[in-house]
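K.L.:
If you're matching them up, the sequences are chains Y and V in order. In this text, residue positions in the first sequence follow the working numbering: the first is 1, and each later residue adds one. In this text, residue positions in the second sequence follow the working numbering: the first is 567, and each later residue adds one.
If you are wondering where the hints come from, they were derived from the structure by calculation, not from laboratory data. Each hint should be verified, as a subset may be incorrect.
Label-pair distances were calculated between CB atoms; the ranges are [unchecked claim]: (1) V:M706 to Y:Q55: 33 to 39 angstroms; (2) Y:G376 to V:D724: 53 to 59 angstroms; (3) V:I633 to Y:K217: 28 to 34 angstroms; (4) Y:G402 to V:I633: 43 to 49 angstroms; (5) Y:V398 to V:F712: 55 to 61 angstroms; (6) V:L575 to Y:T134: 41 to 47 angstroms; (7) V:Y745 to Y:E195: 42 to 48 angstroms.
Covered stretches of chain V, going by a simulated chain Y footprint (3 or more residues, C-beta under 8 angstroms) [unchecked claim]: (8) 591-605; (9) 631-637; (10) 648-654.
Values in this document were obtained by computation on a predicted structure and should not be read as measured data. Ideal Cβ placement from N, Cα and C applies to all residues, glycine included.
Next come the chains, spelled out residue by residue.
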Amino acid sequence: MRKKWSLVLASALALTMILSACGDKKENEGSGNNGSPNQESGFIAATDTSKNPKQAKDRKDTFIIGMTDPKGIFNPLFMETAYDYYVVYSTFDTLITYKADGSYENSLADKIEISDDNLTYTYTLKDAKFTDGTPVTSKDYLFTWKMLLDPSYDGDSDALSANIVGGKEYREGTASEIEGIKIIDDKKFSVTVSEYTALTPVDLGYVYVMPEHYYGKDYKQGSLESVKALNSKPLGSGQYKLVSYKAGQEIVLEANEDYFRGTPKIKNLIYKTTTDSTNLAMLQSGETDMNNISVSVDNVEALKEMGFMNIDILPNNGYGYVAFNHKKEILSDVKVRQALTYGLNRAEIVEGYYGPYADVINIPESKVSWAYTEDGINTYDFDLEKAKSLLEEAGWKVGADGIREKDGKKLKLNFSATANNPVVDALLPIMTLNYKELGVDFVAETLEFNAIMDKKSTGDFDMFFAAWGLTPDPDNTIFISNGAQNDFGYSNPKVDELMAKGKKELDLEKRKAIYKEMYQEINKDAVFIYMYQRTNMEAYNARANGFDISPYKDFPFSLYQVELEQ
Amino acid sequence: MKQYIIRRLLQMIPTLIGISIIIFTISAMVPGDYITARDNPNMTAERAAELRAIYGLDKPDWQRYFIWAGNMITGNFGTSLQHKLPVMEVIGEYVWNSFIIAFFAMILSWLIAVLAGVFSAKFQYSLLDKLITLAIFVCMALPSFFIGLLLIKWFALDLKLLPVGGMTTAGLKGGSWTYIWDVVKHSILPISVLTMLSIGGLSRYFRTSMLEVIRQDYIRTARAKGLKERTVIFKHAFRNAMIPAITLLGFELPGLFGGAMIMEQIFAWPGIGHVYLNSINMRDYPFMLGFTIFLAMLTLIGNLLADLLYGIADPRIRLK
């Protein structure tokens, strides 16, 4: 379930191609001021609320949120796009939830006890009810895991990675119960894992509890068809309940009066479909109250001019990078990789497209994460001379035609980037120019996103540009040798060791030190050219008060406390 | 006649098989599948393999074709990977929204194009002809997103007469008349833009075919008989000039259901066009293939209808 951030990015990339506009997408980030000093971010308050259009002011008990249309999968098990997530966030609850700073607090869980060996978690549930009036019980939690571990489950969560005892047997169909989940009473149950990691509390706690009496009516191990049939008719314990859904048009929700955190203050909530070309105009005319607007100098200006919009600009949980294929002889040399990083004017590229709304990065971590560090990190500031001397050191001498050579081989690099992507349009001219000056025979092509992913998985590339989402936890399989996402051939035993250690460590301060060392290694090795961390923007009508938004806490989580000015 | 229709319907079968082979082959050759398109940085290789097995993507291409084609014969178009719903249900959810604007845009554009074509043929090289041609070329040359955004600015933001986008006002309450009126208001701009775009080509067809007919001997005869000019043009010339248009009408059939991708983006219209485009980008093969076959069938049916209507309209080419 922590996959959400990456998903968002994947769909963002897809969108980028569709709209040939910048990846709009959600992932907003808090009014927090923990953004870095050189990045323009934070909260910009409305200046003149009297300009508020009549259409918006007349909606006294209804709040309309514009977004790209979801797929209609309002089911925590199967949702894939950020927009389906929004609806699920509004209608379901997890045992624990994110706080604005990325740490956790109890949500449906009242109390969590962890055994001394860190393998058994005992949860006590709060007194919460599903929106049909039935109480949330231990049985519902167990049932949710049965669905996640079902052999026919094809959603995004990798349920086996939680290592619940008996989970594998249930998936394989050799057991009809999950041994590791024991119900103590209606409100109390324990979960035992075979192996713990730092992520276990999230794996077990960040689970949307789904009512067994509703979803389980016709469920049999091995077939989730009856559960999928209810995708567009969610029933959870959340802030809102679904009233109606019109595909491609709107999702109408109504406040859950029995919500365990208190009845939401806004009675009606509507998610309305908007597109990149209409979202600003709809905010202006008052047809919608809120929308995620892609960050650009023009869009921020337009929103400020309206006068009645509050704007939240927050760092995105993700980063853009240029990947190297470490299996290629040329790029296996760390000096060449460093030279290519020094020799690329990243600041100019980022400024060129994002203006002040993105930062050049030097490690693959969000600036607002607890794991972020600048200590001992090389900033690789643009320096052609340094780049040239590094190439000389690596044995690449300038040949007669101006292209560098080594042992009779030319320094030729192929580069792929997504077509119709404005970031690539800013990147390519500068990159081509910079690398020509370095004496690199640089061949660039633009391809469709899937074609690049195909090259990535088959290893048929030298370099490519892409962007990635970041999970709140720094643990990943990108930089470890033979990691699931390591299609780059990068291998550093020290990084492997630190990653394994970090995953096993439960103390946050100790983890910080471990990951700091890991990022220093990755930075020194120039695994990628780390490019930028951009921002997201959430704009909402100033008549709404009470949002608590951060990069780790999406706006729907605080909907219940939002109030409309009358 | 009945025999002819049956024969034509039977002939469609090999054509459809051919089409299905071609589109399946192309989709199989394109790099990537639904798993790579999602690019989930946390997906393990084992999980990816597990998912491919669930979706049947692990089988060789030829086997996948026969499974897919076999299901298709029994009327099962498969399940959309993105929507987790049967393909036909997804089509049903969106296609009528596309149909509404495509249908009215078609009626309007044919009406206007016929009139424009007839008048500019009748008064060839006159000032009227030149003005009509100019106006039509301007409509054709302006990019649709530009006209669309301009109209939104004028009519929705400045004059506040029409809504910006969508098909209904969010949270609308009221009876069916309120609903219909609301949809009408929302559809005025997209229908206008679609109409503007298609008038151009159509009116050139009608103008050419009208010009051809006007020069025929029987028109001269009609005029020589002393018939009124209006009768000559609208009864004798017009009817004959419209015969080639029947073919065009047949081709409009898939267009009515195909959706308008750019238009739907600009006006946030909940049509099928962007769902289709999305399925291509996300490699949602069941939907993409299913909808393509659906459009191919409509094209074939449109063709058949055109041929039948042709026979009714023009006894000279009546088929046996």
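K.L.:
Going through the earlier hints one by one, which of them does the structure break, listed in rising order?
P.N.:
As far as the earlier hints go, 4, 5, 6, 7 and 9 are violated by this structure, in ascending order.
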